[in-house]
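Chemist: Read top to bottom, the protein sequences are chains C and E. The C-terminal residue of the first sequence carries number 314 in our numbering, and the numbering is unbroken. The C-terminal residue of the second sequence carries number 314 in our numbering, and the numbering is unbroken.
Simulated from the structure, these hints should not be mistaken for laboratory data. Honestly, I wouldn't trust all of these hints.
Where chains are identical, the list cannot tell them apart; a pair therefore holds if satisfied intra-copy or between any two copies.
[To be verified] List time: in silico DSS-like cross-link candidates among lysine-lysine, alpha-carbon distance up to 27 Å:
hint : residue 1 : residue 2
1    : K47       : K299
2    : K47       : K216
3    : K61       : K299
4    : K119      : K104
5    : K310      : K185
6    : K143      : K310
7    : K119      : K143
8    : K185      : K104
9    : K47       : K143
10   : K143      : K104
11   : K143      : K185
12   : K185      : K47
13   : K174      : K119
14   : K104      : K170
15   : K61       : K170
16   : K216      : K299
17   : K185      : K174
18   : K119      : K299
19   : K310      : K61
20   : K47       : K170
2 protein chains.
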Amino acid sequence: MTRQELIHLIRTKRSFLCVGLDSDITKIPQHLLDCEDPVFEFNRQIIDATLPYTVAYKPNLAFYESRGLKGWQSLERTMDYLADKRTEVFTIADAKRGDIGNTSEQYAKAFLEGMNFDSVTVAPYMGEDSVSPFLKVQNKWIILLALTSNKGAFDFQLNQVTAADGTPLGLLFEHVLRTSAKWGNTDNMMYVVGATQAEKLTEVRAIVPDHFLLIPGVGAQGGSLQEVARYGMNQDCGILVNSSRNIIFAGSGTDFAQAAKQAAKETRDEMDILLKARGI
Amino acid sequence: MTRQELIHLIRTKRSFLCVGLDSDITKIPQHLLDCEDPVFEFNRQIIDATLPYTVAYKPNLAFYESRGLKGWQSLERTMDYLADKRTEVFTIADAKRGDIGNTSEQYAKAFLEGMNFDSVTVAPYMGEDSVSPFLKVQNKWIILLALTSNKGAFDFQLNQVTAADGTPLGLLFEHVLRTSAKWGNTDNMMYVVGATQAEKLTEVRAIVPDHFLLIPGVGAQGGSLQEVARYGMNQDCGILVNSSRNIIFAGSGTDFAQAAKQAAKETRDEMDILLKARGI
């Protein structure tokens, strides 16, 4: 999906909601456990219920890998199910990969080609040659970790960094933004910036005014949608706000899909207001 | 496997060789492609041939994930095959994972429990709570990225960092070592330090004298075994040196396993000399 197509989706659906498919088999409704593939069945019903209000789905790979072969199968089935909805929704493999060049090439193949995700999340620690293989795949995106929503973000991401000659380079996450923005462009790179540090979005926007940002941490982790929109939105909207548990586990009975639909619709309605306030 | 058991293996086999199972299906011998699971068959023969000279096997997850379900199956079969050899060899899931706490828990489950690897490689960018879930699994290890062997290591890992109050914290990889060493101990944490910057091992050893180090980059990437041993070895040996392509693709015909055996044996013989020189 191109940037223009994504912006069109946001304008049409009046939403910048990304639904995180953290489909933990221990948390899905009991009655699904009799299905041949309970996690796929859960995802299918969640997708059917929330698609009108959702611009992106983001399966969190860990919840699939932890179930081995069966989990991988649930993920492949979910992507197959989304295959004929590719113009209706953006897809994100939340994999946080990153390795030396020939290895990153294989990860790019796994997610952007094999499973045909629109994008994959990537960790920046290993630098340019760990990221660039993902950028070689046409019409696909990487979403690079910049400032994450967890407590551990304070361990390294907020350290001041300087070059070998003493030149100040800002905080580590700012240096990551500034450096990596040269590796790709606004048509193939986004950044992860956590909602739990919404005021930092001002600094992020000073460095990457035009890039899309994927923003986790609203809801269960404590971030606020209004604050994220205030500090993070640009003229194209420019943000995808992720919600996982608040949507997919809104209900836990046989009406779980209806509850997810309601939660997604309420979020969309809030987002519509925030979009209108920006003239979008 | 415990630290003492690993040290015992090194002393007995006279080797600190880790064989990287980067088993790229496009590079394995042609005649294996007729097997039901060519990559597993390749791994099985490589393991049989090299086990006497090898203290660790390290499947590189990317080469399995890039083949989807089939790749995941080859990996599971390889780990099943190693199940009755668990006292003879240490296993490393080279996955470079790392995410918020509840997600890292799932990755820990996938690799340390589900597939029963002894260890998993983890990226440090997201800080303590992304790493600590792996450390909760008894008798297992994480191997944290510190200084990698690729060109991109220069992008961030070698930046000078300072605390918010201006206190100098050294280079980023040194700060990662110093900070993370408090999260675990020498019985459950190792570090990745690339051989391509062998002289940096002196600085690494000043910070973590007793931790095991996993050292990639000898051979194909240009690092030297002698230099790595000189700067990185400690009184327990304390290093695992990875070799992938130089061993597993030493031959490309029907005699590939024999060629791998010869390459592993030659490396072991060199390592034996280096161990003896250290009185191990």
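Chemist: Hint by hint, note whether the structure agrees.
Modeler: Evaluated hints:
With identical chains, the CA atoms of K47 and K299 are at most 27 Å apart within one copy only, with a shortest distance of 11 Å there and 62 Å across copies. Taking identical chains as interchangeable, the C-alpha atoms of K47 and K216 are never at most 27 Å apart, the minima being 31 Å within one chain and 48 Å between chains. Taking CA atoms no more than 27 Å apart as the test, K61 paired with K299 passes inside one copy only; the shortest distance there is 22 Å, against 50 Å between copies. For the identical chains of this complex, K119 and K104 are neighbours both inside a copy (24 Å) and across copies (25 Å), given an alpha-carbon limit of 27 Å.
In this assembly of identical chains, K310 and K185 lie within 27 Å of each other by CA distance neither inside one copy nor across copies; the values are 33 Å within and 46 Å between. Taking CA atoms no more than 27 Å apart as the test, K143 paired with K310 passes in neither setting, with 39 Å inside one copy and 44 Å between copies. Taking CA atoms no more than 27 Å apart as the test, K119 paired with K143 passes inside one copy only; the shortest distance there is 21 Å, against 32 Å between copies. In this homomeric assembly, K185 and K104 never come within 27 Å of each other (Cα to Cα): the closest approach is 32 Å inside a single copy and 37 Å across copies.
Taking CA atoms no more than 27 Å apart as the test, K47 paired with K143 passes in neither setting, with 30 Å inside one copy and 37 Å between copies. Taking CA atoms no more than 27 Å apart as the test, K143 paired with K104 passes in both settings, with 21 Å inside one copy and 14 Å between copies. Taking the shortest alpha-carbon separations for K143 and K185, only the inter-copy value of 22 Å comes in at or below 27 Å, while the best intra-copy value is 32 Å. Taking CA atoms no more than 27 Å apart as the test, K185 paired with K47 passes in neither setting, with 33 Å inside one copy and 43 Å between copies.
For the homomeric pair K174 and K119, the shortest alpha-carbon distance inside one copy (16 Å) is at most 27 Å, but the shortest distance between copies (42 Å) is not. When the C-alpha separation of K104 and K170 is checked against a cutoff of 27 Å, the pair qualifies only between copies, where the shortest distance is 25 Å, while the shortest distance within a copy is 30 Å. In this assembly of identical chains, K61 and K170 lie within 27 Å of each other by CA distance solely across copies; the values are 22 Å between and 37 Å within a copy. Neither within a single protomer nor between protomers do K216 and K299 lie at most 27 Å apart by alpha-carbon distance, with minima of 37 Å and 45 Å respectively.
In this homomeric assembly, K185 and K174 come within 27 Å of each other (Cα to Cα) only across copies, at 24 Å, whereas the closest approach inside a single copy is 30 Å. In this assembly of identical chains, K119 and K299 lie within 27 Å of each other by CA distance solely inside one copy; the values are 19 Å within and 54 Å between copies. In the homo-oligomer, the alpha carbons of K310 and K61 never lie at most 27 Å apart, since the shortest distance is 36 Å inside one protomer and 55 Å across protomers. Taking the closest pair of Cα atoms, K47 and K170 never come within 27 Å of each other, the shortest separation being 30 Å inside a single copy and 43 Å across copies.
In terms of the numbered hints stated before, the structure departs from hints 2, 5, 6, 8, 9, 12, 16, 19, 20, listed from lowest to highest.
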